[in-house]
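Read top to bottom, the protein sequences are chains S and Z.
Per our numbering, the first sequence starts with residue 21, numbered consecutively.
Per our numbering, the second sequence starts with residue 39, numbered consecutively.
Hints should not be assumed to be uniformly reliable.
Dumping the calculated SDA-like pairs for lysine to any residue here, alpha-carbon to alpha-carbon at most 20 Å [unchecked claim]:
hint, chain 1, residue 1, chain 2, residue 2
1, Z, K53, Z, H81
2, Z, K123, S, S170
3, S, K261, Z, K53
4, S, K253, Z, K53
5, S, K206, S, N257
6, S, K261, Z, P212
7, S, K253, Z, P154
8, S, K250, Z, R116
9, Z, K179, S, S259
10, S, K250, Z, A249
11, Z, K179, S, N257
12, Z, K179, S, D260
13, S, K261, Z, G178
14, S, K253, Z, R252
From the derived model, a few chain Z residues whose C-beta atoms are all more than 10 Å from chain S [said to hold, decoys possible]:
hint, residue
15, R40
16, D103
17, L105
18, M111
19, A112
20, V113
21, D114
22, L115
23, R116
24, D152
25, E177
26, E188
27, L223
Sample of chain S residues at the chain Z side, in silico, Cβ under 8 Å [said to hold, decoys possible]:
hint, residue
28, Q228
29, F255
30, E264
31, I267
32, T268
Since the hints were made in silico from the structure, they are not lab data.
Every residue gets a Cβ at the ideal spot worked out from N, C-alpha and C, and that includes glycine.
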Amino acid sequence: MGVGVHVEHLNAWFGTTQALNNISMEIAANHATAIIGPSGCGKSTYVRCLNRMHETVPGARAEGTVRIGDLSIYNGTSATQVRRRVGMVFQKPNPFPTMSIYDNVAAGLKLNGFRNRRRLDEIVERSLQQSALWDEVKDHLRKKSGASLSGGQQQRLCIARALAVQPEVLLMDEPASALDPISTGKIEELIFQLKENYTIVIVTHNMQQASRVAEFTGFFLLGELIEFDKTEKLFTNPSDKRTEDYITGRFG
Amino acid sequence: MRTRFQQGLDELRTKLLAMGGLAEQAVDRACQAYIERDLTRCHMVLENESRINAAEREIDELAFDLLALQQPMAVDLRFILAVTKINSDLERVGDQAVNIAERVMDMVELPPADLPIDIPRMATASSAMVRRALESFIEGKAELAQAVLEMDNVVDRMRDEAFINLTRKMNDTPEVTRQALDALLVARNLERVADHATNIAEDVIFWVRGADVRHNVAVADPGARQPIVDRS
Numbered sequence: 021m022g023v024g025v026h027v028e029h030l031n032a033w034f035g036t037t038q039a040l041n042n043i044s045m046e047i048a049a050n051h052a053t054a055i056i057g058p059s060g061c062g063k064s065t066y067v068r069c070l071n072r073m074h075e076t077v078p079g080a081r082a083e084g085t086v087r088i089g090d091l092s093i094y095n096g097t098s099a100t101q102v103r104r105r106v107g108m109v110f111q112k113p114n115p116f117p118t119m120s121i122y123d124n125v126a127a128g129l130k131l132n133g134f135r136n137r138r139r140l141d142e143i144v145e146r147s148l149q150q151s152a153l154w155d156e157v158k159d160h161l162r163k164k165s166g167a168s169l170s171g172g173q174q175q176r177l178c179i180a181r182a183l184a185v186q187p188e189v190l191l192m193d194e195p196a197s198a199l200d201p202i203s204t205g206k207i208e209e210l211i212f213q214l215k216e217n218y219t220i221v222i223v224t225h226n227m228q229q230a231s232r233v234a235e236f237t238g239f240f241l242l243g244e245l246i247e248f249d250k251t252e253k254l255f256t257n258p259s260d261k262r263t264e265d266y267i268t269g270r271f272g
Numbered sequence: 039m040r041t042r043f044q045q046g047l048d049e050l051r052t053k054l055l056a057m058g059g060l061a062e063q064a065v066d067r068a069c070q071a072y073i074e075r076d077l078t079r080c081h082m083v084l085e086n087e088s089r090i091n092a093a094e095r096e097i098d099e100l101a102f103d104l105l106a107l108q109q110p111m112a113v114d115l116r117f118i119l120a121v122t123k124i125n126s127d128l129e130r131v132g133d134q135a136v137n138i139a140e141r142v143m144d145m146v147e148l149p150p151a152d153l154p155i156d157i158p159r160m161a162t163a164s165s166a167m168v169r170r171a172l173e174s175f176i177e178g179k180a181e182l183a184q185a186v187l188e189m190d191n192v193v194d195r196m197r198d199e200a201f202i203n204l205t206r207k208m209n210d211t212p213e214v215t216r217q218a219l220d221a222l223l224v225a226r227n228l229e230r231v232a233d234h235a236t237n238i239a240e241d242v243i244f245w246v247r248g249a250d251v252r253h254n255v256a257v258a259d260p261g262a263r264q265p266i267v268d269r270s
């Protein structure tokens with residue numbers, strides 16, 4: 021099951037440049053929360069702080085409180101432990117190109133020393149079913165490589181790979197921006213189903229997508245969280261003029 | 039700035055105001071026709087109806103295009119929805135003007151009768167409501183729209199009084215029953231015009247404040263922000 025994410029006074033820097041400024045946000049368990057904002061507003065940095073990926077950039081650091089369920093992730097917890105609970109899907113599908121479909125999904129578990137073959141089979145099947153890819157690939161799981169799939173299928177494979185380690189939170193950084201409308205539709209449908217078992221945070225440039233899939237939306241601007249509200253409220257009657265100017269295209 | 043989209047919204051605003059002008063003119067003409075028993079004005083109202091109907095279709099098409107092609111959000115989305123609803127109300131105002139003109143055409147065939155009803159006063163009140171509702175749309179001001187809502191009771195009361203007085207008149211003087219019925223129908227048409235003005239005012243409040251004040255279910259927040267009205 022998904023867990024809530026508690027973010028309090030989160031600040032992040034790239035060297036001396038502050039990228040996030042005092043962000044506080046309660047992300048509801050088993051719901052999708054969308055993060056929107058113009059390029060460079062800090063939305064990707066924000067989600068990368070939720071699984072300790074931000075600090076992998078040389079010179080980057082983050083401070084503040086982030087709790088995944090009851091796990092405080094900036095409090096001596098190892099990054100590996102955090103990422104087991106927080107999966108991530110990126111803008112560009114990035115399956116391991118030389119691995120089979122099966123091995124792509126099983127990779128995280130194998131890396132963690134999981135060797136039970138029958139159990140692995142079950143998890144691979146379950147993950148591919150959850151990511152709505154099973155029916156399309158079940159006959160050539162071991163024959164075809166991840167790279168042989170279409171872009172949309174590759175992205176669903178990456179989602180299956182993230183789900184295989186049974187995270188509680190799934191971060192998606194523009195997961196459909198490189199996909200055609202049909203594949204995008206499948207990913208959006210999938211997000212809807214995944215909410216039953218996972219907490220989802222999705223970064224998107226596509227406001228229609230945010231309004232279709234997310235119950236809550238946060239608008240970021242210049243590293244600050246300007247407005248965070250129910251999606252319906254934010255897109256129909258936002259409280260802050262900056263939000264309104266952004267979503268109505270009056271910026272610039 | 040989405041220039042083409044802004045141009046589309048401006049065009050929508052201009053077209054709706056032009057249609058508002060036509061609907062307002064139709065009601066005024068019909069009422070003047072009643073007062074002066076003037077068939078020429080009646081015919082003008084009937085002829086004008088097709089222009090109002092054409093304007094309604096044009097506005098709907100433009101609103102539909104903007105919704106489909108520009109995916110408006112927030113205040114823009116509320117604006118377009120409000121325009122489509124105001125558009126329908128204005129078309130209905132035009133219909134009421136036609137109904138009044140048809141009653142006048144019937145009355146002109148009959149001997150004049152002294153009836154206990156002040157149609158000019160009621161017409162002034164209803165027309166003022168339409169005009170002020172359109173002003174609140176032009177200005178994007180919810181306070182002006184709110185004032186229109188408060189005027190509706192006055193016109194309702196006039197209609198109720200007309201009903202009582204004209205029923206009595208028909209009982210007392212049956213030979214003017216047909217004229218009294220025509221006047222009663224005109225009073226009802228004017229009361230409907232006021233209702234449409236009320237709807238328009240409610241839609242302006244929805245656009246400006248994002249608050250649904252229909253059927254007295256919510257009170258508009260007087261402290262709410264004003265919309266971005268492009269006056270360029």
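Status of the hints after comparison with the structure:
A distance of roughly 24 Å separates the Cα atoms of K53 of chain Z and H81 of chain Z; the hinted pair therefore is violated under the 20 Å criterion. Taking the CA atoms of K123 of chain Z and S170 of chain S, the gap is about 45 Å. The hint is violated against a cut of 20 Å. The hinted pair formed by K261 of chain S and K53 of chain Z fails the criterion: a straight-line CA distance of about 27 Å is larger than 20 Å. Taking the CA atoms of K253 of chain S and K53 of chain Z, the gap is about 29 Å. The hint is violated against a cut of 20 Å.
Pair hint K206 of chain S plus N257 of chain S does not hold up; C-alpha atoms about 29 Å apart against a cutoff of 20 Å. Among the hinted pairs, K261 of chain S with P212 of chain Z is inconsistent with the structure: their alpha-carbon atoms are about 64 Å apart, more than 20 Å. With a C-alpha separation of about 52 Å, the suggested pair K253 of chain S and P154 of chain Z falls outside the 20 Å cut-off, and the hint is violated. Our distance criterion of 20 Å between C-alpha atoms is met by K250 of chain S and R116 of chain Z, whose separation comes to about 17 Å.
With a C-alpha separation of about 18 Å, the suggested pairing of K179 of chain Z with S259 of chain S holds against the 20 Å cut-off. Proximity of K250 of chain S to A249 of chain Z is assessed by CA-CA distance (about 16 Å); at most 20 Å being required, the pair is judged to hold. Taking the CA atoms of K179 of chain Z and N257 of chain S, the gap is about 16 Å. The hint holds against a cut of 20 Å. Proximity of K179 of chain Z to D260 of chain S is assessed by CA-CA distance (about 19 Å); at most 20 Å being required, the pair is judged to hold.
Distance restraint check for K261 of chain S and G178 of chain Z: the Cα-Cα separation of roughly 16 Å lies within the 20 Å cut-off, and the hinted pair is therefore satisfied. Annotation: proposed proximity of K253 of chain S to R252 of chain Z holds, straight-line Cα distance about 19 Å (limit 20 Å). With a cut of 10 Å on Cβ distances, R40 of chain Z falls inside the contact zone with chain S, its closest approach being about 4 Å. Remark: the non-interface label on D103 of chain Z is consistent with the geometry, its nearest Cβ contact in chain S lying 16 Å away (cut-off 10 Å).
Against the 10 Å criterion, L105 of chain Z stays outside the reach of chain S, whose nearest CB is about 12 Å from its own CB. A beta-carbon of chain S is positioned within 10 Å of the beta-carbon of M111 of chain Z; the least distance is around 4 Å. With a least CB separation of 5 Å from chain S, A112 of chain Z falls inside the 10 Å interface cut-off, contrary to its annotation. A cut-off of 10 Å between C-beta atoms contradicts the statement that V113 of chain Z is not in contact with chain S; the least separation is 6 Å.
The claim that D114 of chain Z is not at the interface with chain S is violated, since a C-beta of that chain comes within 10 Å of its own (minimum 5 Å). Remark: the non-interface label on L115 of chain Z conflicts with the geometry, its nearest Cβ contact in chain S lying 6 Å away (cut-off 10 Å). Chain S draws R116 of chain Z into its interface by the beta-carbon criterion, the shortest separation being 7 Å against a cut-off of 10 Å. For D152 of chain Z, the condition that its CB be more than 10 Å from all CB atoms of chain S holds, with the nearest at approximately 54 Å.
Look at E177 of chain Z: its CB is around 19 Å from the nearest CB on chain S, clear of 10 Å, so calling it non-interface holds up. Chain S leaves E188 of chain Z outside its interface by the beta-carbon criterion, the shortest separation being 24 Å against a cut-off of 10 Å. In this structure L223 of chain Z is separated from chain S by more than 10 Å, as the shortest Cβ-Cβ distance comes to about 41 Å. A hinted interface residue such as Q228 of chain S counts as satisfied when its beta carbon comes closer than 8 Å to some beta carbon of chain Z; here the least separation is about 6 Å, so the hint holds.
The interface hint given for F255 of chain S is met, as the beta carbon of that residue sits about 6 Å from the closest beta carbon of chain Z, less than 8 Å. Look at E264 of chain S: its Cβ gets to within about 5 Å of chain Z, closer than 8 Å, so that hint holds up. At a threshold of 8 Å, the smallest CB-CB gap from I267 of chain S to chain Z is about 4 Å, leaving the interface hint in force. The interface hint given for T268 of chain S holds, since its Cβ lies 5 Å from the closest Cβ of chain Z, which is under the 8 Å cut-off.
Violated hints, listed in ascending order, are 1, 2, 3, 4, 5, 6, 7, 15, 18, 19, 20, 21, 22 and 23; each of the other numbered hints is respected by the structure.
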